[in-house]
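S.K.: Protein chains in written order, with my numbering: chain X, 1 to 264; chain S, 1 to 264; chain Y, 1 to 264.
Derived by calculation from the structure, the hints in this document are not laboratory data.
In this text, all values refer to a predicted model and were calculated from it rather than measured experimentally.
Mixed in with the good hints, there may be bad ones.
A pair counts as met if it fits within one copy or between any two copies, since identical chains are not told apart.
No more than 25 Å apart at the CA atoms, straight line, and that leaves these computed lysine-lysine pairs for DSS-like [unchecked claim]: (1) 2 / 120; (2) 2 / 105; (3) 213 / 120; (4) 105 / 120; (5) 157 / 13; (6) 250 / 157.
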Amino acid sequence: VKIITLTTDFGTKDWFVGAVKGVILGIEPQVTVVDISHEIGDGNIQAGAFALAASCRFFPRHSIHMAVVDPGVGSARAGLAVQTEDYVFVGPDNGVLSLALTREKIKVIRRLENERYFLKSVSRTFHGRDIFAPVAAHLCQGVSPLELGSAQEDYVKLDWPQTRQEGDYIAGGIVYVDRFGNALTNIDGVLLSGCLKLESAILVNGKPLCSLKSHYQAVPLGQPVGVIGSTGFLEIAVNGGSAAEALGLKINDPVAVRAGSKTC
Amino acid sequence: VKIITLTTDFGTKDWFVGAVKGVILGIEPQVTVVDISHEIGDGNIQAGAFALAASCRFFPRHSIHMAVVDPGVGSARAGLAVQTEDYVFVGPDNGVLSLALTREKIKVIRRLENERYFLKSVSRTFHGRDIFAPVAAHLCQGVSPLELGSAQEDYVKLDWPQTRQEGDYIAGGIVYVDRFGNALTNIDGVLLSGCLKLESAILVNGKPLCSLKSHYQAVPLGQPVGVIGSTGFLEIAVNGGSAAEALGLKINDPVAVRAGSKTC
Amino acid sequence: VKIITLTTDFGTKDWFVGAVKGVILGIEPQVTVVDISHEIGDGNIQAGAFALAASCRFFPRHSIHMAVVDPGVGSARAGLAVQTEDYVFVGPDNGVLSLALTREKIKVIRRLENERYFLKSVSRTFHGRDIFAPVAAHLCQGVSPLELGSAQEDYVKLDWPQTRQEGDYIAGGIVYVDRFGNALTNIDGVLLSGCLKLESAILVNGKPLCSLKSHYQAVPLGQPVGVIGSTGFLEIAVNGGSAAEALGLKINDPVAVRAGSKTC
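Isolated chain X (complex conformation) (with noise of 0.2 Å):
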């Protein structure tokens, strides 16, 4: 099965992702192309990345996953193709790919130069369409990620607040707020492993907020409560309701968590 995912920040009002994919159908028309998210803020190289490496090792083995939040569209910056072991990842070089490509083992990095794979006539404004889209679906056709340009040693990466031990804490910070309104941080749930038997604290900001429980109903309605979701990261919930608007939780935020016990 030949799989390509869309990751972006072009909206579903206007025609743009109709537009992709009538590009990529007309170079490989037994492909299924799978939205990630097109709702990415205008933009936001950051909530891409993020959209990106929660879903993508979903996917079947061999899949090829295009982001384009892309601000810099028609400035200097590259585009890349990267092979990884188990997929392709296809977008500007501007981090968009970075955290998805943290957990993969890396193969190939290609700069996107090869004009044949591009469409004929590429806007300044509309790379998505004219340049990724056409790579993407060329590779999908079993095109070499080496013959697309000149070879890169590595790609940009983003600032990310670093998740580390201090002392009896394990710190991180708030990275995402999805439409819920969860508050998702970059903790891994691995290092939290311990914590469900025991008494935690999670701060927020420095202050004690709540525990870490098994689920969002472990607390009263309306309860702040920790839990680790579904990305497999330390979530703040609030049972029912939206942990964002009613702690007023903002990207950035750093936690922390502290177990009564070393082991956590």
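Position chains S and Y against the provided structure of chain X, taking the given hints into account.
M.R.: Showing chains S and Y alone in chain X's frame:
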């Protein structure tokens, strides 16, 4: 052809629907996945149930309908697969399947218990991705519902305004407001087939509001009108406007129809 | 490959698009259905016409383009199938197809009259599902447009600001505002090909506003700029912002371009 439909409150801003589709395609690559809606109000089981019931019969036989509006995810509510004569329905046993099921011939009801058909790691917060999606994909591949878990006699039904004859009136209520502001009732158009040829009065909250007509434009712009809508039920509309806004109509408002003749 | 594209004002909150796809798949299971937009403003025929025209040519030949923005549903307006050299267009005869058709070589225009290709029961309010979808699916299956109904000579065209040369100026108007707030005009970039090398003035509502540049970032952040957008038409943008909001631009605002030289 293999079809899975999705009706959820996951929204389209985040990666949730993408991850669900990735899981499905990893199990059954030949499937066509069709979105019915992902913008059911957060936790609004009644709206999800109506959207599913209003659309499921327009799909070919053997389609699998997955509906996940699941405020109780992670609690004790069961997950179900319900095989009917024409379809299989998959979702939590909280009423979201129940309106659609009232019109189907039920053959088998099974609880989702066999973890062999789940993702290897099941989160507490995203059963749509971890349980319902892989179960739907396996059903699509030909796994029998009998393999999924133990039998169950019945399923949770929604409270729903009863349609009833009351003297000269046929009475019911508003059950859904669509994005055009049309107020859909649960009064079946079949019961009103005689009314179009006669004078009829439609009462909302006990007050006469409009008559039944064949189409929106049968009244002047801005005027209220009752029509047998595309779902087959009576709906209250305003020609060229939003009935919900203009008339303050709300879910559960009582509606009654009186015709000049008893044949209606 | 069999492709049907959809351009509608049905929205994505309700089940309308899902039902349309169910009907299509029931008739032609091998089809790939692509959404262009379902968020055309309610009844905004002009916006639907622009979205279709801006995207239809990015699809492979023989694609079927179905566009349903249809405030007159249930009234006397006809439904049409228009076969062109490359595509078939299906929709109401109210102008929604007309912009796309001005660039196509028309071969056949037929009215949708043959009920054999409709759903068995046709509602008064949802011809997208009951007439246009099944007709599009049958066309996809190979049914000839000639079987659909009687011939028609012409089709309804939209009022649209004319592009014209006025002395040293090329004049037109704003015809669409996209979700980034860019104001798209109907001034074809081909007419402005000389302007990029010269000083040029772009006037909106009679007042000089900005110059034509090759890309958004050619001006400082927050400044207005004219670019030949991805549709091939002149658009007015603000680098890093919304031109519509920052400058108060609206549909039908007059736009004129003057270059330092007559070659422009």
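S.K.: For every hint, state whether the structure bears it out.
M.R.: Structure-based check of all given hints:
no.: 1; hint: 2 / 120; in the structure: both (24 Å within a copy, 24 Å between copies)
no.: 2; hint: 2 / 105; in the structure: within (21 Å within a copy, 34 Å between copies)
no.: 3; hint: 213 / 120; in the structure: between (55 Å within a copy, 21 Å between copies)
no.: 4; hint: 105 / 120; in the structure: between (33 Å within a copy, 22 Å between copies)
no.: 5; hint: 157 / 13; in the structure: between (30 Å within a copy, 23 Å between copies)
no.: 6; hint: 250 / 157; in the structure: within (22 Å within a copy, 39 Å between copies)
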